[in-house]
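Novice: With the UniProt record's numbering, letter number 154 in the sequence shown gets 154, and the count goes up by one each step, no holes.
Derived by calculation from the structure, the hints in this document are not laboratory data.
Treat the hints loosely; a few may be bogus.
No more than 16 Å apart at the CA atoms, straight line, and that leaves these computed lysine to aspartate or glutamate pairs for EDC-like [said to hold, decoys possible]:
id, residue 1, residue 2
1, 227, 276
2, 227, 266
3, 227, 293
4, 249, 328
5, 249, 238
6, 75, 159
7, 227, 337
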Amino acid sequence: MTITTPRRARSRVFAGAWLGFGLGVGLAACILPGAGLAFDPVSLPEAARRTFDDTAATASIRIPVARLGETGMLKEVEGSLRRRAWAIPSPTLPTLRVLQGLRQDMEDAGYQVVLDCASEACGGFDFRFALPVLPAPEMNVDIFDYRVLVGRRGDAGREEHVYVLVSKGRANRFVQIYEVARRDAAPPSTQAPPSTESSPSTQAPLAAPATPSPADPGDTDLINRLKARGHVVLRDLDFASGAGALSEKDYPSLAALAAYLSEKPERRVVLVGHTDAVGSLASNTALSQTRADSVRDQLVSVFGVTGSQITARGVGYLSPIATNLTPEGRDMNRRVEVVLLVD
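I would like the entire structure built from these sequences, with the hints used as guidance.
Specialist: Structure (structure tokens):
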């Protein structure tokens, strides 16, 4: 269903039966306002357009509370359920900035964050397809750029969970929020518990984050995955459609890779460019080579990596990781990977 009211307007309540939507969701036959569902994503920009909003009096749903491979990755929670989605009209807004604002909203409302991860650090392809996700066009998930945030609050007699999924599309950024409150929950206070620490200065919603350093945990995760698997997709790279040059912005993945290569001059990698299957093999091979070269040039000219440590190759559409028959699959296939060689 499409919601055309302003973002902060009170949502309409829909009566009648609501069918289950997969992944273990069971719903009652009547749709009523969800008492105790009070998470307000005030950090979303005014341009955000709400595309979906419904509420169920009783539901059972499995939400993520741990990364793929960790014990208890999915947790079944029951209670009143509200599902919402927004589209933010911006082709350049980083998903991290969106998530940072929502994380602050969650903490301000007194939720304890139990899961905060991104794409491959969450578990990549397998993790994404274990998630409860609204169908398109309300939600779109880029397998290389999605972020998950889950929070919990409550005490004896009540428990609430908020599950947030943020991802990117070609022209929009997509946000999905599920709230589950145990059926006997009373409306909780929206104030965060008092803190003994000094309060941080107020941050403007979606303020630009500081440039990450190679020592950031997310960057360390990238290098750990590279060493464990032998290759990893540089998921934060941004190329204009059909262009070979990198967009002018900060790339934490390149900063991490540069720091890793600079530690030991004998370390060597190959950057491999990939495309979708639209067009000829010759044109796609040339484009993928140009993009791999562009990444290599950035590492050498901006980060000071020795050129002999990096080889760039383009293979066009010869090594897909998803179907080329859907827009989502083609997006996944357009990528640059780094392959670690023996020292």
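Novice: Look at each hint and say if it fits the structure.
Specialist: Hint check:
no. : hint      : in the structure
1   : 227 - 276 : violated, 27 Å
2   : 227 - 266 : holds, 15 Å
3   : 227 - 293 : violated, 22 Å
4   : 249 - 328 : violated, 24 Å
5   : 249 - 238 : holds, 8 Å
6   : 75 - 159  : holds, 13 Å
7   : 227 - 337 : holds, 13 Å
Comparing the model with each numbered hint stated earlier shows that hints 1, 3, 4 do not hold.
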